[in-house]
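Chains as they are written, first to last, in the numbering used here: chain A, 1 to 570; chain B, 1 to 447.
The hints are simulated quantities; they were obtained by calculation from the structure and are not laboratory data. Yeah, the Cβ is synthetic: ideal placement off N, Cα and C, and Gly gets one too. Certain hints may be false.
[Claimed, not checked] Below, simulated DSBU-like cross-link-like pairs (lysine-lysine); rule was C-alpha separation at most 30 Å, straight line: (1) Lys-122/A - Lys-189/B; (2) Lys-481/A - Lys-370/B; (3) Lys-64/B - Lys-98/B; (4) Lys-500/A - Lys-316/A; (5) Lys-122/A - Lys-64/B; (6) Lys-379/A - Lys-485/A; (7) Lys-122/A - Lys-190/B; (8) Lys-443/B - Lys-484/A; (9) Lys-87/A - Lys-250/B; (10) Lys-484/A - Lys-243/B; (11) Lys-219/B - Lys-290/B; (12) Lys-484/A - Lys-436/A; (13) Lys-454/A - Lys-445/B; (14) Lys-436/A - Lys-441/B; (15) Lys-500/A - Lys-262/B; (16) Lys-441/B - Lys-485/A; (17) Lys-262/B - Lys-290/B; (18) Lys-481/A - Lys-64/B; (19) Lys-250/B - Lys-190/B; (20) Lys-98/B - Lys-32/B; (21) Lys-262/B - Lys-229/B; (22) Lys-243/B - Lys-436/A; (23) Lys-445/B - Lys-437/A; (24) Lys-356/B - Lys-330/B.
[What the hints assert, rightly or not] Covered by chain B, according to a simulated footprint, are these stretches of chain A (three or more residues, beta-carbon under 8 Å): (25) 265-279; (26) 487-500.
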Amino acid sequence: MMAASLFFLLFLPGGFPILPGRTPSPTAGAVTAPGRTLGRALNVLLGSPGKGALPRRDLVFLVDPTPSLASSGFAREFASALSRNGKALAGTRIGLALAAEKARLLLPPTTDHQSLPSLLEKTLAHPSDRILNVYASIRRVASLVPWGPGERKLILVSLDNGDAEDDLEGTVRTLKKERITFSAVTTEAFLADTYWKIRSYGIPRKVRMRGGDSPFTDLPWGWIFQFNIVNESTPSGFAQYGLSRLAAATGGRIFLYSPPRTSAHTCSPDRGCPFCGGDHIVRGEAFVEATVRYFAPWTLSRKECLKEAAKNPVLKALLRAWREAFREGLLRSRPSLQPSGSGYKEARDQTGSWRILTGSLKFSQLASRADRAAKACTKILSTLQRDLARAKDFKGGLPRFRAMADLTVLLLRVTRVNLIAFSFWCREAAPILAGKKPSRTEPPEIPWVPPGRKPSGIGWTDYPLCHGIPPFLELHLPGGKAFKKELAALEGPVRAFLDKYAGTPYAMALRRSGIAVFHFTYPGKYTRIDRRRFSSSSAGKDATTLTRRPPRAAGGSGRSAGGPVTGGGK
Amino acid sequence: MIPRLFLTAAVLLFPGGTLFPQGKPDPAALVKELGNSKDYRRCYRAYRALLRARPPAALHLLEKALPSFTGPALSYGVSLLRAYPRETGFPALRRLMKTGHPLLSFYCAKTLFRAGEREALPFLRRALAAAPDPSARFSMLGRIQGLKDRGIQELVRSWIRPGAGVPLVRAALTYLFSVEDIETGTVLKKLLENQGSPAEVKALCAAYLTARGNQGAGKTLAALLAAGKIPSSSFYTMIRFLKEGPRPPKEVLAGFLDLLEKEKILYARVYILELFGKFPFRPALPALRKLLEDKHTQVAQAAFDALAASPGALGPKFLHRLLAEGDPEKRLLAADTLRRMDDPAGLDTVLEMARKKGPLRRKALEILGKFRVNRAVPALLEALDDPDRLARQEAFYGLRTTLATLFPYRRLDLSSTGYHPDAPPARRRSGAALIRAWWEKNKNKDW
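Go ahead and model the full structure; you've got the sequences and the hints to work with.
In structure tokens form, the structure reads like this:
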């Protein structure tokens with residue numbers, strides 16, 4: 001009994017060890033508070049950590065008024081939190097500032113808290129969804145506020161920004177110089193987010209779009225035959241790296257908010273699931289806070305992270321596999337780090353292109369290319385597995401890199417299976433479906449290519465791995481038994497991975513990857529559209545739509561199994 | 001013999017038979033039937049016939065007749081115009097939008113706006129503002145869910161005031177919730193404070209505010225639930241709001257638990273159970289387990305789903321036991337829940353019940369269609385001939401889904417065989433034979 005208890009105390013679900021005395025490098029796990037509600041965050045920020053009144057302190061809320069914040073009920077929660085914590089706030093001065101291109105102080109810190117809720121409501125009544133460099137706002141407000149002699153806390157409330165960075169370390173220095181503790185109420189970032197690597201609209205001047213929970217992208221992305229980039233759709237359990245960095249450097253906290261709707265389970269982030277009608281009950285999807293914390297990213301400065309990263313053989317193996325996979329055209333991203341002296345530096349040019357497998361309808365040629373790519377994939381996979389086995393005894397470093405490497409092993413396996421699927425499709429099905437070989441359809445079957453259309457290319461969609469491999473074994477797929485054998489060989493590793501990383505973003509990332517199913521693409525159809533006449537209108541009418549950041553799919557990570565709500569999404 | 005022949009002829013001819021001499025639709029007659037607001041079925045049949053055929057001659061007849069239509073005929077008429085090619089249907093819609101007839105103008109403006117014509121928005125606003133009575137407003141609100149516009153939102157907010165009827169308040173709140181209107185809170189707080197507001201209105205307001213994170217409103221809602229004065233007709237809307245928001249305070253969940261134990265109306269209990277499915281609530285577990293034995297399948301199913309959402313409450317062990325030992329209905333539920341957990345252990349049970357005649361066959365066929373496995377296909381094919389129309393329906397839709405999933409490289413249209421669950425028996429038999437023949441030929445093929 002004692003031994004069993006000790007086992008559970010020392011090992012998290014999944015068998016990950018917690019070794020007392022071995023303090024890992026500073027990570028986001030240490031600064032991210034549990035919970036996902038605004039009420040809880042405000043209670044902690046405004047309330048008292050213990051009995052009795054707090055020492056004198058100044059709290060300034062720097063509000064970034066975006067539509068999602070406006071509709072989140074923040075103003076109401078703020079008013080409720082103020083009245084709930086009245087006693088603890090005696091002697092606390094609270095101020096309000098507006099995050100904007102030219103940030104300003106709306107209300108200097110004051111002990112008269114009555115005016116705050118209405119001022120906050122007024123501020124949120126005119127939201128804007130432009131991309132904002134909040135770090136510039138933080139620096140400006142930090143020096144504008146007439147701080148008192150007591151504790152100084154600056155709390156950023158931003159649900160949409162934090163990925164546009166200009167001078168992160170400069171912001172750290174400013175906060176430290178003014179002796180300010182920085183905290184933030186924000187939403188989860190995506191796991192090793194790569195959203196901005198292939199998009200460039202609406203970006204303010206003189207910033208670099210980052211995104212992601214980690215100082216650099218540590219998960220290869222853009223795999224061939226994956227429609228969904230898991231880096232862009234898997235919640236990480238942590239905030240944007242920049243915000244976590246500021247909180248860690250100044251002794252602050254990060255409070256995450258998940259709008260309720262975004263935590264519901266979905267097998268695929270952008271389409272329906274072919275294996276269920278959306279009624280999937282997934283066990284082990286809700287994040288387990290303790291396990292997620294174990295895999296937290298660093299909150300050191302980027303410079304220090306790159307120095308530490310160079311010591312890690314697991315990361316080295318991962319980057320090597322990434323480099324080789326890119327060279328073989330298996331993914332369209334270059335490694336995010338490149339060797340520099342005895343360490344690494346961030347690579348600026350991070351995108352490339354896939355091996356050309358879908359640019360023509362010469363199916364036998366495409367099949368041969370796919371076969372060669374599959375062989376290359378096998379080679380990269382065995383090299384990676386060998387390197388990871390060699391690094392097995394490496395004790396230091398970030399556990400996150402091991403998880404990323406394990407995930408990459410699975411993604412390589414899935415890519416290999418997809419290449420084989422494509423090869424079989426090109427040889428067996430595509431010529432018949434495209435009409436290059438004769439065939440006859442009988443009811444209820446109808447021609448694959450609609451009458452009057454001629455295919456011009458190849459596309460694909462992914463059937464997600466959310467239900468595991470068994471449903472795929474039921475499907476009638478080109479390659480028959482030979483392909484089913486490949487699928488069956490994937491089942492063990494997929495199951496083992498999902499069991500090991502249950503309750504973490506890594507399991508979710510694998511579930512959202514998929515096995516590809518191919519189809520033809522067609523040239524667009526010409527439709528005549530009459531020219532519409534526009535007239536000017538007076539103020540108050542709808543304005544022209546600005547380019548805006550589209551809503552990011554699949555936000556919340558679900559509630560933790562140990563938190564107030566169990567069971568995760570449905 | 002003769003009466004039977006006569007009847008057969010009447011059945012073949014009647015729905016549309018008099019309207020389709022020798023298969024050609026008579027547009028004028030169809031448009032006249034469409035306007036028949038007294039006989040909904042004839043109206044609907046005329047709509048379907050016009051939609052299928054879309055005769056060019058009907059276009060100007062529709063445009064001329066629509067201003068005199070009432071009820072569902074108006075909405076059908078506008079849908080028909082939308083179904084015509086853009087270059088012919090849209091000009092008619094634009095003209096009708098400007099007639100000043102509130103409902104007709106509304107339907108046309110809404111259709112055009114949803115098709116991308118922003119110029120229709122002012123007409124939409126005007127039509128809404130000119131809605132002649134609460135029931136017209138109610139009808140309009142149901143059709144603009146999710147349509148965000150400050151002007152419309154402001155107008156709808158103005159309809160929520162003391163004295164407004166419950167159905168209108170309900171519809172207005174549903175719309176404002178769908179567009180995440182941030183100013184509704186202020187209006188609702190006034191209604192809550194108003195002594196004269198009925199309990200049902202207060203409960204709707206409190207549920208809305210609770211779903212928007214207002215803790216105080218949660219307490220008010222809990223108190224209203226405890227007082228037991230809220231008719232179950234509003235449960236659906238209240239629970240719909242709550243399900244979209246953060247976890248409600250435990251007093252609210254406790255209030256609904258209390259109601260669950262007292263409530264007699266079937267659908268109301270199902271809605272409450274759905275709430276517990278979204279927000280697992282430990283104190284509710286004993287009541288949920290008890291409801292697994294409820295005589296109404298919908299209640300037992302909803303209780304099942306609610307338990308399945310609570311970790312550990314309905315584990316695989318319990319489900320396997322129920323699968324082996326429970327009564328047939330529970331075995332089906334257990335099989336379906338296990339399927340949702342990626343455990344196909346219940347497939348044999350479902351197959352057995354899908355092949356057996358009886359009251360559970362329909363349910364078994366419905367669940368069988370969700371498995372999407374090869375073994376399910378023969379039983380679904382068999383049921384295409386079932387004398388029970390609903391069983392045929394379940395089999396048909398299940399087969400459609402299953403075959404589409406199993407054969408990702410085939411395009412299948414089961415209706416192209418002539419089969420439909422409602423088709424005459426001879427056509428069903430020939431259609432089913434074609435589908436079966438196709439399955440036999442392809443079931444062992446690779447792709």
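Legend entry - Hints breached by this structure: Violated: hints 5, 10, 15, 18, 22, 26.
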